[in-house]
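Each protein sequence line maps, in turn, to chains A and B.
Counting from 1, one number per residue, gives the positions in the first sequence under UniProt numbering.
Counting from 1, one number per residue, gives the positions in the second sequence under UniProt numbering.
Hints may be right or wrong, so weigh each one.
What the hints assert, rightly or not - 16 Å max Cα-Cα, derived EDC-like pairs, lysine to aspartate or glutamate:
1. B:Lys811 <-> A:Asp31
2. B:Lys811 <-> A:Glu58
3. B:Lys811 <-> A:Asp29
4. B:Lys682 <-> B:Glu717
5. B:Lys694 <-> B:Asp636
6. B:Lys178 <-> B:Glu193
7. B:Lys811 <-> A:Glu79
8. A:Lys68 <-> A:Glu30
9. B:Lys811 <-> A:Glu124
10. A:Lys110 <-> B:Asp733
11. B:Lys695 <-> B:Asp733
12. B:Lys334 <-> B:Glu279
13. B:Lys811 <-> A:Glu72
14. B:Lys18 <-> B:Glu7
15. B:Lys695 <-> B:Glu745
16. A:Lys110 <-> A:Asp132
17. B:Lys811 <-> A:Asp71
18. B:Lys811 <-> A:Asp37
19. B:Lys811 <-> A:Asp34
20. B:Lys811 <-> A:Glu28
21. B:Lys695 <-> B:Asp654
22. B:Lys694 <-> B:Glu745
23. A:Lys133 <-> A:Asp112
24. B:Lys695 <-> B:Glu727
25. A:Lys68 <-> A:Glu58
26. B:Lys103 <-> B:Glu63
27. B:Lys246 <-> B:Asp205
28. B:Lys708 <-> B:Asp646
What the hints assert, rightly or not - Examples of chain B residues toward chain A, derived with CB under 10 Å:
29. Cys326
30. Met775
31. Pro795
32. Leu801
33. Asp809
34. Asp817
35. Ala819
36. Arg823
37. Pro832
Stated by the list, open to error - Label pairs and their calculated CB-CB ranges:
38. A:Thr26 <-> B:Lys272: 14 to 24 Å
39. B:Ser742 <-> A:Glu107: 27 to 37 Å
40. A:Glu30 <-> B:Ser730: 14 to 24 Å
To be clear, the hints were calculated from the coordinates, so they are not data collected in a lab.
Think of the CB as a built atom: it goes at the ideal place given N, C-alpha and C, for glycine as much as any other residue.
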Amino acid sequence: MSGGTRLENANPVIFQRSGQRLHTATEEDEDVHDPIDDREIFDILSINDPEHPLSLEELNVVEQIRVKVNDEESTVGVEFTPTIPHCSMATLIGLSIKVKLLRSLPERFKIDVHITPGSHASEEAVNKQLADKERVAAALENSSLLEVVNQCLSTRTI
Amino acid sequence: MLSLVEEYVSGLQDSKAKDTAKGVKDGEFTVLQLVEALGLSLTSSQPHTRARGVQLLSEVLQECYGGLTEREVEVLIAFYENRLKDHYVITPPVLQGLRALTKCTALPPGSAVSMLRSLFQDVHVQVRLAFVKQNCVFLCDSFTELKGLGADFVFGFVQSMDGERDPRNLLLAFQIAKSIVHRGYDLGKFTEELFEVTSCYFPIDFSPPPNDPHGITREELILTLRDVLAGTPQFAEFLLPLIIEKLDSDVQSAKLDSLQTLTACVSQYEHKDLAEFLEGLWASLRREVFQTSSEKIESAGLAALTALTSCLSRSVLNSDSEDSLCIFLDLVLKDCKHHLCEPDLKLVWPSAKLLQAACSASNRAIIVFIYHFNIMSAEWNTMNKPDKPFPLPCSDPMDQDNNREASEQQSHHALRQRCLSALAAVSIQPSVVQESTPVLLEVLSSAHTVSLICFSQNIVRAFFMRFVWFPFWVFHVSRLAEKTASRAVSLFLDGDVSFLPDNSFPSDIQLLKQKGDSWSQSQMVCLLMGCVCSLPRSVEVPQMDQLLLQLEELSCTCSHPPSYTSAAKCFAGLVNKRAPGQFVCTLLLVFRVYSVLDSESSSVRTQAFTLMIWVRVMLFSRGSLYDCQNLFSLLDDADLGPMAADGFSLLMSDSSDVLNRSCHADVRIMYRQRFFSENSAKLVQGFNAAPQEKKPNYLKALSNIVNKLPKQVQVTELPALLSLLLEALSCPDQGVQLSTLSCLEPVLIDPPAALIQQLEALVNRLLALTSSRAMNVRIVSLRCIHAVSRFPVLPFRARVLRALARPLDDKKRLVRDEAVQARSEWFLLGSPGGS
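Looking at chain A on its own, in the form it has when it is part of the complex (with noise of 0.2 Å):
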């Protein structure tokens, strides 16, 4: 993203970070296994926001209770909620959740990023966007894209 630009959002309202997840004895055994929970999928999804120096969980726009997960079907789902009504980064959050999914999960599990219904403007065309695999691996070749989103993925210390 070109600096200079005007931020969208200036003033966000920015949420306490979740802490850590307890380790459980059940964790530590080895002959039990620990199916793939919605808390899990939300620890995968630390991504940093486009604009500003925080996590989408911060900025509420990742919670964990949008994430549902079901490791039996292998199937994924992700609401995430834009700042703003009117929020351009939208399809580039998505997008990034979405690369991130794909990237940190077996090949077995079917994935769906969509826009919390009632919260953008756009959330249709959006969602179809995600949805759609060719578009998707497209938007990757775009190397500029790609680094905005690697840039989101990256493991920045705040």
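Here the structure of chain A is known, so what remains is to put chain B in place on it, guided by the hints.
Frame of chain A; chain B shown alone:
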């Protein structure tokens, strides 16, 4: 009949009612006929006449309700309900009649509901309450359909109770509310209302007037109200903030009431009801105990804390939930720790009491507490306060333990072990030792199993090791120590039991010999070890030569591993403190041991090896040469190879129970780097020359040695051993893999040039390890792959990304976490916007 009616109604002759009733009973006329006869009076324009009419009917019903048919009852109820809408003068007899009807067995279904509904609708509050008062027991017990009324009934009740001030009525109202709550009525959306209408009286502030004829006491009211408020978890979200608020008040009785109510209510609650209020409750409880001026309040507060903790301990966890018990105890410990460690001591005792209350709640609480306690005691010890008594909450659970059933042995055994270790750790100050001694001695005397014995020897050691801390003790201690030493030696060598208090020992006790297969006596040698090896050097151990001989004999011949190991350690510990000139016997011993080791057919090779290793450890600690040729040669040995590899670990590490500074042993600084540099070449040589099946021993020895080196040394020495380490990564032994990975990991932060040249081999090996069967190996290898991503590894990117797809679906979450991080990092390699 008509005349009777007339006389009653107009003539106001009450006695006629009885006659009428008798008439009905005798069958002269039915009740319905009576109603017809009353028709005139019931429709009179004078309310009083109507009242009389109804009253006659009611009184008859009171006598005759048993004989009514269902049809009659139905009609009568309808009539009476209708009459409720009439003039208020009529209401009392109507209620009287209804009351009589409620006793009928032939009540049609739904009558209770309709009765109550009209009651609540049409009847004035005070009157209603009086009616309910007379019938409450019946209402609550027999009207099963009341539950069907559900929320309506609750609402009606709430309305009728609102604003009540008469203590008699209040008592009654509380009792009804308690019935409602306890019988699990569906409170529906009126939960909060019911709570509010009862809780506005909390805390009760009532002084009965003098000469009160009804004898209602304040305690009665308090207790009944408490039963209501604490009766159901549905009130939790309202009750807990109320309690926190009332605890703030200045009135002592209010505080006391709140605390007692809290204790009562948490016995019904689950952890989820309490979760959001834990901090507030803890803050209030803490304040009450810290700032209390009254003992009553303090003890009520502590009781509340215990109840709270046991409620949280009862909660059943699923794997995702956060453990509220841990969270709460963390809160408690954090605050109390802070006060215990402060230089200003005034809050120590209250903190200790709080801790004691919390951890006496349940076994789970004790376990959590002890984990923290060990850390805490270490910090506490640095402060050196000899004159302050330290509270020992641990001793309480151990006393309780003696009352447990045998079925709980397993878990309570583990619990005792933990209590004991905590106690041993704390037994540093003499005043503490004074208090902990009786408990520990009791444990020792009741100890039966081997593990408990060996555990106990740690405690014995703890006693003797710590006496050095106070100079003024030394004089007394050395006398004490000498006495102890001579007694112990005479006990073990000569079987002299005369000084022991209990006289039930067998007369020919021989603790340093193994009797056949039984090891119950020979295992006592670990107690001897704890005792004599920890003595100050100024104390002379009598009959040293003979003792050493016996110990050597025991350690070479006994078949019980803990016994011969303890004997070996004891031997080494004793020899260590001797002057060098007295080493002659040791050398003889060494020859003997080696001859046993050399003969492969001997049955006691393991024992001989153990003795040798400990002697070697002892020699190292005194700074003798670091020559290990024979140990290296043993790496090739068929039986002893793995043990030899582990022996290196022993050589390189500090032993905790013998041969260290706190045991007053003669210890020089171990130049591990020197050891390493003198012997690494031999190790590599040996490895290269060894046959394939012996190579793992060398690798294990190598990783044991390298692991114990200081970090800087590891980094500088590693390049020489790199190829060996890479070899170690493909060794099938998981222990070797894990230790190699753990010493590789820090090196990867700042890799030597040699490593860069071997990147492909490294990456291949690491990838292979990500599918190991051991979880830890998978985790560490993934972390190493993550770390490797910072090197020039771009050519491997595609392959690694493919290979890392598999661990993403690993069955363990911890492994998956590492895989996600590693793979994300590798994706960013060489990609625009990435690293």
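Evaluated hints:
1. A hinted pair counts as satisfied when its Cα atoms are at most 16 Å apart, and lysine 811 of chain B with aspartate 31 of chain A qualifies at roughly 9 Å.
2. At roughly 30 Å between alpha-carbon atoms, lysine 811 of chain B and glutamate 58 of chain A are farther apart than 16 Å, so this suggested pair is violated.
3. Between the alpha carbons of lysine 811 of chain B and aspartate 29 of chain A the distance comes to roughly 11 Å, so the proposed pair stays at or under 16 Å and holds.
4. Restraint check for lysine 682 of chain B and glutamate 717 of chain B: the C-alpha separation of about 15 Å stays at or below 16 Å, so the hint holds.
5. Restraint check: the Cα-Cα separation between lysine 694 of chain B and aspartate 636 of chain B comes to about 6 Å, which is no more than 16 Å; the hinted pair holds.
6. For a cut-off of 16 Å, the pair hint linking lysine 178 of chain B to glutamate 193 of chain B stands: about 15 Å separates their Cα positions.
7. A hinted pair counts as satisfied when its Cα atoms are at most 16 Å apart, and lysine 811 of chain B with glutamate 79 of chain A does not qualify at roughly 26 Å.
8. This hinted pair does not check out: lysine 68 of chain A and glutamate 30 of chain A have alpha carbons roughly 26 Å apart, beyond 16 Å.
9. Taken as a hint, the lysine 811 of chain B and glutamate 124 of chain A pair is broken in the structure, with Cα atoms around 36 Å apart against an allowance of 16 Å.
10. A distance of roughly 38 Å separates the Cα atoms of lysine 110 of chain A and aspartate 733 of chain B; the hinted pair therefore is violated under the 16 Å criterion.
11. Restraint check for lysine 695 of chain B and aspartate 733 of chain B: satisfied, since their Cα atoms lie roughly 11 Å apart, inside the 16 Å limit.
12. For the hint linking lysine 334 of chain B to glutamate 279 of chain B, the alpha-carbon distance of about 12 Å falls within 16 Å, and the restraint holds.
13. Proximity of lysine 811 of chain B to glutamate 72 of chain A is assessed by CA-CA distance (about 13 Å); at most 16 Å being required, the pair is judged to hold.
14. Simply put, lysine 18 of chain B and glutamate 7 of chain B have alpha-carbon atoms about 12 Å apart, close enough for the 16 Å limit, and the pair holds.
15. With a CA separation close to 23 Å, the supplied pair lysine 695 of chain B and glutamate 745 of chain B exceeds the 16 Å bound.
16. Note on lysine 110 of chain A and aspartate 132 of chain A: the hinted pairing holds, with a Cα-Cα distance of about 12 Å set against a maximum of 16 Å.
17. Proposed proximity of lysine 811 of chain B and aspartate 71 of chain A is supported: the alpha carbons are some 11 Å apart, at most 16 Å.
18. With a C-alpha separation of about 12 Å, the suggested pairing of lysine 811 of chain B with aspartate 37 of chain A holds against the 16 Å cut-off.
19. A threshold of 16 Å between alpha carbons decides the hint, and for lysine 811 of chain B with aspartate 34 of chain A the separation of about 6 Å falls inside it, so the pair holds.
20. With a C-alpha separation of about 11 Å, the suggested pair lysine 811 of chain B and glutamate 28 of chain A falls inside the 16 Å cut-off, and the hint holds.
21. The straight-line distance between the Cα atoms of lysine 695 of chain B and aspartate 654 of chain B is roughly 27 Å, outside the 16 Å bound, and the hint therefore fails.
22. Between lysine 694 of chain B and glutamate 745 of chain B, the direct Cα distance comes to roughly 26 Å. Violation of the 16 Å bound is thereby established for this hinted pair.
23. Proposed proximity of lysine 133 of chain A and aspartate 112 of chain A is supported: the alpha carbons are some 11 Å apart, at most 16 Å.
24. For the given pair, lysine 695 of chain B sits about 10 Å from glutamate 727 of chain B by alpha-carbon distance, which is consistent with the 16 Å threshold.
25. Restraint check for lysine 68 of chain A and glutamate 58 of chain A: not satisfied, since their Cα atoms lie roughly 19 Å apart, outside the 16 Å limit.
26. Distance restraint check for lysine 103 of chain B and glutamate 63 of chain B: the Cα-Cα separation of roughly 11 Å lies within the 16 Å cut-off, and the hinted pair is therefore satisfied.
27. Restraint check: the Cα-Cα separation between lysine 246 of chain B and aspartate 205 of chain B comes to about 13 Å, which is no more than 16 Å; the hinted pair holds.
28. Among the hinted pairs, lysine 708 of chain B with aspartate 646 of chain B is consistent with the structure: their alpha-carbon atoms are about 12 Å apart, no more than 16 Å.
29. A distance limit of 10 Å between C-beta atoms decides the matter here; for cysteine 326 of chain B the minimum to chain A is near 8 Å, and the interface restraint holds.
30. Interface restraint check: methionine 775 of chain B against chain A, minimum CB-CB distance 5 Å, threshold 10 Å, status holds.
31. Hint status for proline 795 of chain B: violated, given a least beta-carbon distance of 20 Å to chain A, over 10 Å.
32. Because the smallest distance between the Cβ of leucine 801 of chain B and any Cβ of chain A comes to about 9 Å, under 10 Å, the interface hint for this residue holds.
33. With its C-beta approaching chain A no nearer than about 4 Å, aspartate 809 of chain B sits inside the 10 Å limit, and its interface hint holds.
34. The restraint placing aspartate 817 of chain B at the interface with chain A holds, with a minimum CB-CB distance near 8 Å, inside the 10 Å limit.
35. About 8 Å separates the beta-carbon of alanine 819 of chain B from the nearest beta-carbon of chain A, less than 10 Å, and the hint is met.
36. Contact between arginine 823 of chain B and chain A, as hinted, is supported at the beta carbon level, the nearest pair being about 6 Å apart and thus within 10 Å.
37. For proline 832 of chain B, the interface hint holds, since its Cβ comes within 10 Å of a Cβ in chain A; the closest pair sits about 4 Å apart.
38. The given range of 14 to 24 Å is respected by threonine 26 of chain A and lysine 272 of chain B, whose C-beta atoms sit roughly 20 Å from each other.
39. Range check, serine 742 of chain B to glutamate 107 of chain A: Cβ separation about 31 Å, and the 27 to 37 Å hint holds.
40. Taken as a hint, the range 14 to 24 Å holds for the pair glutamate 30 of chain A and serine 730 of chain B, whose Cβ atoms sit roughly 22 Å apart.
Figure legend: structure checked against the earlier numbered hints; hints not met, in rising order: 2, 7, 8, 9, 10, 15, 21, 22, 25, 31.
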